[in-house]
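*Asks:* Residue strings, one per chain:
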Amino acid sequence: GQQLNQSPQSMFIQEGEDVSMNCTSSSIFNTWLWYKQDPGEGPVLLIALYKAGELTSNGRLTAQFGITRKDSFLNISASIPSDVGIYFCAGHPGGYNKLIFGAGTRLAVHP
Amino acid sequence: NAGVMQNPRHLVRRRGQEARLRCSPMKGHSHVYWYRQLPEEGLKFMVYLQKENIIDESGMPKERFSAEFPKEGPSILRIQQVVRGDSAAYFCASSPPTGENTGELFFGEGSRLTVL
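As they're listed, the protein sequences go chains Y and D.
In terms of this note's numbering, the numbers along the first sequence are unbroken and rise by one, the last being 111.
In terms of this note's numbering, the numbers along the second sequence are unbroken and rise by one, the last being 116.
Every clue listed holds true.
Now the in silico label distances, taken between C-beta atoms and shown as ranges:
| no. | chain 1 | residue 1 | chain 2 | residue 2 | range |
| --- | --- | --- | --- | --- | --- |
| 1 | D | Pro39 | Y | Pro8 | 10 to 20 Å |
| 2 | D | Arg15 | Y | Asn58 | 37 to 47 Å |
| 3 | D | Asp56 | Y | Pro81 | 38 to 48 Å |
| 4 | Y | Tyr50 | D | Asp56 | 16 to 26 Å |
Don't read these hints as lab results, they were simulated from the structure.
Just so you know, even glycine gets a beta-carbon here, dropped at the ideal spot from N, CA and C.
Bound-form chain Y, shown alone:
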């Protein structure tokens, strides 16, 4: 089946630093999505990318849909303590919303 490789698994950074994480796949996706999960909560959509090469921003977050349609990255600039959580990439192969999730990047921000 389709699998996503998400890296890094975890990051420990100082407040104010920039963060970068990425996802790769052996399969092509029509859509890449990035979700954030706070402790004890469900995932919340951060950014959705629909076209190969697309670069999209949402506040301090920037994400790109790779040209090959097999990868995506998420950058967070000037991190703050509330950025703590687990960030998941997800690929949408098309059709109904049966998403393939990466294993997540666990982010810790030290003040």
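Fit chain D to the known structure of chain Y by using the hints.
*Replies:* Only chain D this time, still in chain Y's reference frame:
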């Protein structure tokens, strides 16, 4: 704020008992998805339902697990004769009944099942 509502938030069962997890989708949404998250892992698709129809249950274990979304009332994920390996967070997500499936899902807060 009529988001996706799941209950119970936490459920403890002994091996061999049954677990029933409920999900009410967002207002206006008629498509429901169930995902399972094992500790330290990502979410794995289990089943996709519309009202009174199971569309795709390819992610459901063949035995003990069942799901329904009746005409009236919430969607139910039922796990019979639970085993320790069923301990996980079960998330429900919904999407609107549009022709475009964008991949954008609205998740509930999850039901965390612990099997003793």
